[in-house]
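Asker: All chains, full assembly: derive it from the sequences and hints.
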Amino acid sequence: MSDTSRSEIIRLLNEVLTAELTAINQYFLHAKILQDWGFLSLYQYVYKESIDEMKHAEMVIDRVLYLDGLPNMQRLFKVQVGETIQEIMAADLSLEDEAIPRLNAAIAVCREAGDNGTRALLEEILVSEEEHRDWLTTQLDLIERLGEKAYAAEHIREG
Amino acid sequence: MIVCLCRAVREHDVARAIAEGASTVRALGERTGAGTDCGACACELRSALTARGLVSVPQDDAPCSGSRPMVTGVAAK
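First to last, the protein sequences are chains A and B. The first sequence begins at 1 in the numbering used here and counts up by one. The second sequence begins at 1 in the numbering used here and counts up by one.
To be clear, the hints were calculated from the coordinates, so they are not data collected in a lab. Every residue, glycine too, gets a C-beta built ideally from N, C-alpha and C. Any given hint could be a false lead.
[As the list claims (entries may be wrong)] Here are the in silico distance ranges between beta carbons for each label pair:
(1) A:E124 x B:G21: 47 to 55 Å
(2) A:K48 x B:G21: 41 to 49 Å
(3) A:S2 x B:R52: 49 to 57 Å
(4) B:C6 x A:A150: 33 to 41 Å
(5) B:R10 x A:G117: 39 to 47 Å
(6) A:M73 x B:R52: 33 to 41 Å
Answerer: Put into structure tokens, the structure is as follows:
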């Protein structure tokens, strides 16, 4: 791999890392707000999502260091915090809606550069983000169909 | 939604400040505190203004680029 390709891939990995660090914080705060409100099964799910993002961040950090780059732990995108269950789900969906195209674009660059290690790593993260996006769209659909009150009433017990 | 996490400013606080006459990002910061710490919500403040037809933005107003600005640790001055 050329030096130019390597530094471009490090730059893309750092952008993915910024998104992962933002997601850790946003999902963790949303999880704790949902716990505070008493929606315990939603708290458990969103908490697990935050931890998943931390595992993704670790994979990206390890890869940047392997490529002799420096992981940027300083930068965050805007953390979007909802004031209702629907706003929380919509804010998290908006984060995933930005993450998925970013990952697909980075995967294309890795394939072009012949960096299959980074490509495989990003593909694993991509599948996980798509699963989370699918869950979020389902929840927003349910809220739409049942109303937020009826949806919320189904989520006060631990899962 | 919470617009500014640093100063705990909600959408309705911003709406009220605009109703009371704030017409720039800077004026919103002075009235509510929003955007005066890390500056990451400058774009959202700008959007709240443009959504109400307050599009005139003075040259020296707080900077805003892209829909999801990065927090670099430099406060919007």
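Asker: Report the numbers of all earlier hints that the structure fails to satisfy, in ascending order.
Answerer: Of the numbered hints, all hold.
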